[in-house]
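Next come the chains, spelled out residue by residue.
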Amino acid sequence: MIPWMTAWLACGAPQADHRTEATVAETGSVYDLGLTVITDGGEVPLDRWRGHPLVVSQVYAGCREVCPRTIEAIRGIEGQVPEDRRSDVQVLLVSLDPTDTPADLKEIAVARGADPTRWTFATSTPDGIRALAAALGVRYRPLPDGSISHSAVITLLGSDGAIVERVDGLGTSTEALAARLARGD
Amino acid sequence: MVGLALLAAAAAAPVSVGPGVWRPLFPPSPEETEIAVEGFRLDETPVTNDAFLAFVVADPDWQRDRISRIRADAGYLGHWAGDRVLGPGAPARAPVTGVSWFAARAFCTAHGGRLPTEAEWELAAAASETARDATRDPAFLARVLNWYGAPAPAVLPDVGGPANAWGVRDLHGLVWEWVDDFNSSIVSAGARGESGEAAFCGAGSAGAQDATSYAGFMRLAFRSSLQAGYTTRQLGFRCAYPLEGP
Chain C
11 MIPWMTAWLA
21 CGAPQADHRT
31 EATVAETGSV
41 YDLGLTVITD
51 GGEVPLDRWR
61 GHPLVVSQVY
71 AGCREVCPRT
81 IEAIRGIEGQ
91 VPEDRRSDVQ
101 VLLVSLDPTD
111 TPADLKEIAV
121 ARGADPTRWT
131 FATSTPDGIR
141 ALAAALGVRY
151 RPLPDGSISH
161 SAVITLLGSD
171 GAIVERVDGL
181 GTSTEALAAR
191 LARGD
Chain E
2 MVGLALLAAA
12 AAAPVSVGPG
22 VWRPLFPPSP
32 EETEIAVEGF
42 RLDETPVTND
52 AFLAFVVADP
62 DWQRDRISRI
72 RADAGYLGHW
82 AGDRVLGPGA
92 PARAPVTGVS
102 WFAARAFCTA
112 HGGRLPTEAE
122 WELAAAASET
132 ARDATRDPAF
142 LARVLNWYGA
152 PAPAVLPDVG
162 GPANAWGVRD
172 LHGLVWEWVD
182 DFNSSIVSAG
192 ARGESGEAAF
202 CGAGSAGAQD
212 ATSYAGFMRL
222 AFRSSLQAGY
232 TTRQLGFRCA
242 YPLEGP
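Just so you know, the protein sequences line up as chains C and E, in that order.
To convert, count from 1 in the first sequence and add 10; that's the numbering used here.
To convert, count from 1 in the second sequence and add 1; that's the numbering used here.
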């Protein structure tokens with residue numbers, strides 16, 4: 011019997027990631043990765059959202075506790091955007107689970123008040139999921155019981171695809187991301 | 002892509018590894034104390050500077066002066082003398098380093114392969130020169146640990162160290178290597194399938210018998226610290242391939 015002991019590695023604290031002055035030249039555009047996602051309309055390139063700020067997060071339908079809270083956090087972000095700008099907010103949820111359908115994600119999001127005219131629900135191949143997670147700094151691990159252990163990350167992409175704000179961890183403040191989104195740039 | 006085909010012919014054929022069971026000293030989750038790994042093929046050595054040079058010449062979007070910053074950080078191929086010139090700091094047959102996960106992945110894809118998963122890499126690396134699973138052999142673990150303790154040379158030596166029991170070389174003692182699922186080294190203690198809470202700490206509970214298993218711990222810690230765009234002078238890669246194929 012292997013004796014168990016707790017070994018904690020360098021555990022990064024949850025953090026918002028402020029890059030208010032970041033430029034695409036410094037951080038690069040996520041759209042330069044050539045990623046695609048699968049919506050209910052078929053496969054679309056991620057850079058379909060180029061030219062408009064985008065709130066993006068990876069969740070999955072079978073996630074009963076963490077992911078609904080992530081969706082609620084995004085709803086909270088929307089709520090912090092002045093009403094006259096709210097119709098500009100675009101959200102993309104991509105599943106971590108390659109067996110999910112866009113409709114599966116739509117169901118849990120709309121149940122929490124997501125506006126399907128501004129939220130897009132998408133899946134991807136296992137390879138595409140891994141690449142998108144890598145780009146967004148999401149850590150995840152499919153487990154033997156079929157669940158997926160993962161970090162809760164909400165990312166704001168600027169119009170040019172640069173990662174301008176990032177919220178990592180439930181309970182991390184979304185204020186800066188919401189403020190940046192409200193600025194509309 | 003004629004250049005790539007010529008180079009692929011010159012490189013050693015990848016070797017068969019597995020099938021087998023990886024018994025991690027530090028299980029990635031409490032449910033994964035034994036991880037079955039299907040058979041695959043693995044590059045005999047890390048990818049070399051000359052092979053990577055041929056790749057960027059064939060696909061200039063991956064050249065140092067043209068690469069999008071999202072694909073690799075500012076250290077990308079920093080040890081090369083020029084964007085298409087290796088120079089004395091990057092011997093042709095030394096392992097290429099200063100490459101990001103995206104760049105490594107693109108190279109492997111261009112060669113009809115992929116990065117190995119963590120489980121595949123570790124299965125291959127569990128072998129000593131004589132035993133396929135030497136993870137409980139204190140002498141082997143001590144040798145591996147010594148290599149990690151040695152100072153890194155400014156100019157890396159050529160690939161081609163002794164072959165392990167699978168026929169794979171240089172898994173220990175030369176460079177760290179990317180794996181495809183580097184960002185799966187997570188799982189907080191006690192979480193059953195969901196986390197999202199605060200920080201992520203790799204291997205929330207870890208079995209460790211003594212300090213000689215520290216090398217595996219360091220690899221886990223190292224992978225947990227990586228982001229996809231990172232490059233370091235000591236981080237290279239090799240490719241994996243399906244069992245059947247060219």
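Misleading hints may appear alongside valid ones.
[Unchecked claim] Take a look, some chain E residues computed to stay more than 12 Å from chain C by CB distance: (1) PRO31; (2) GLN64; (3) ALA73; (4) PHE103; (5) GLY162; (6) ALA229; (7) GLY230; (8) LEU244.
[Said to hold, decoys possible] Distance windows between CB atoms, simulated: (9) GLY61/C <-> ALA37/E: 26 to 32 Å; (10) GLY44/C <-> ARG234/E: 23 to 29 Å; (11) ALA132/E <-> VAL120/C: 52 to 58 Å; (12) ARG74/C <-> GLU245/E: 38 to 44 Å; (13) GLY44/C <-> ALA13/E: 27 to 33 Å; (14) SER169/C <-> PRO61/E: 52 to 58 Å; (15) ALA13/E <-> PRO136/C: 25 to 31 Å; (16) THR34/E <-> THR135/C: 54 to 60 Å; (17) GLY44/C <-> ALA14/E: 26 to 32 Å.
[Stated by the list, open to error] Far from chain C, by Cβ distances over 12 Å, these chain E residues were calculated: (18) ALA13; (19) PRO29; (20) GLU32; (21) VAL58; (22) ARG72; (23) HIS80; (24) LEU146.
Hints in this document: simulated from the structure, not taken from any laboratory.
Heads up, the beta-carbon is just placed ideally off N, CA and C, and yes, glycines get one too.
Taking the Cβ atom of SER169/C and the Cβ atom of PRO61/E, is their distance within the range 52 to 58 Å? violated (27 Å)
Is it the case that ALA13/E keeps its Cβ farther than 12 Å from each residue Cβ in chain C? holds (26 Å)
Is the claim that LEU146/E lies outside the interface with chain C correct, judged by CB distances over 12 Å? Non-interface label stands for LEU146/E: nearest chain C Cβ at 16 Å, farther than 12 Å.
Could you check that no beta carbon of chain C comes within 12 Å of the beta carbon of PHE103/E? violated (7 Å)
A range of 38 to 44 Å was offered for this pair. Does it hold for the Cβ distance of ARG74/C and GLU245/E? Holds: the Cβ-Cβ distance is about 40 Å, inside 38 to 44 Å.
Determine whether the non-interface label on HIS80/E survives the test: each CB of chain C must be over 12 Å from its CB. Holds, because the least Cβ-Cβ distance between HIS80/E and chain C comes to about 21 Å, which exceeds 12 Å.
Is the Cβ of GLU32/E more than 12 Å away from each Cβ in chain C? Nearest chain C Cβ is 5 Å from GLU32/E, so the label is violated.
For PRO31/E, is the shortest CB-to-CB distance to chain C above 12 Å, so the non-interface label stands? violated (9 Å)
For GLN64/E, which was marked as not at the interface, is the minimum beta-carbon distance to chain C over 12 Å? For GLN64/E, whose nearest Cβ neighbour in chain C is about 14 Å away, the distance exceeds 12 Å, so it holds.
Please confirm whether ARG72/E is truly not at the interface, meaning its C-beta sits more than 12 Å away from all C-beta atoms of chain C. Per Cβ check, ARG72/E is inside 12 Å of chain C; nearest 7 Å; violated.
Taking 26 to 32 Å as the hint, is the beta-carbon distance of GLY61/C and ALA37/E inside that range? Given range 26 to 32 Å: violated, Cβ gap about 46 Å.
Checking a non-interface call: every C-beta of chain C should be farther than 12 Å from the C-beta of VAL58/E. Is that right? holds (20 Å)
Hints 1, 3, 4, 6, 7, 9, 14, 16, 19, 20, 22 from the earlier list are contradicted by this structure; the remaining hints agree with it.
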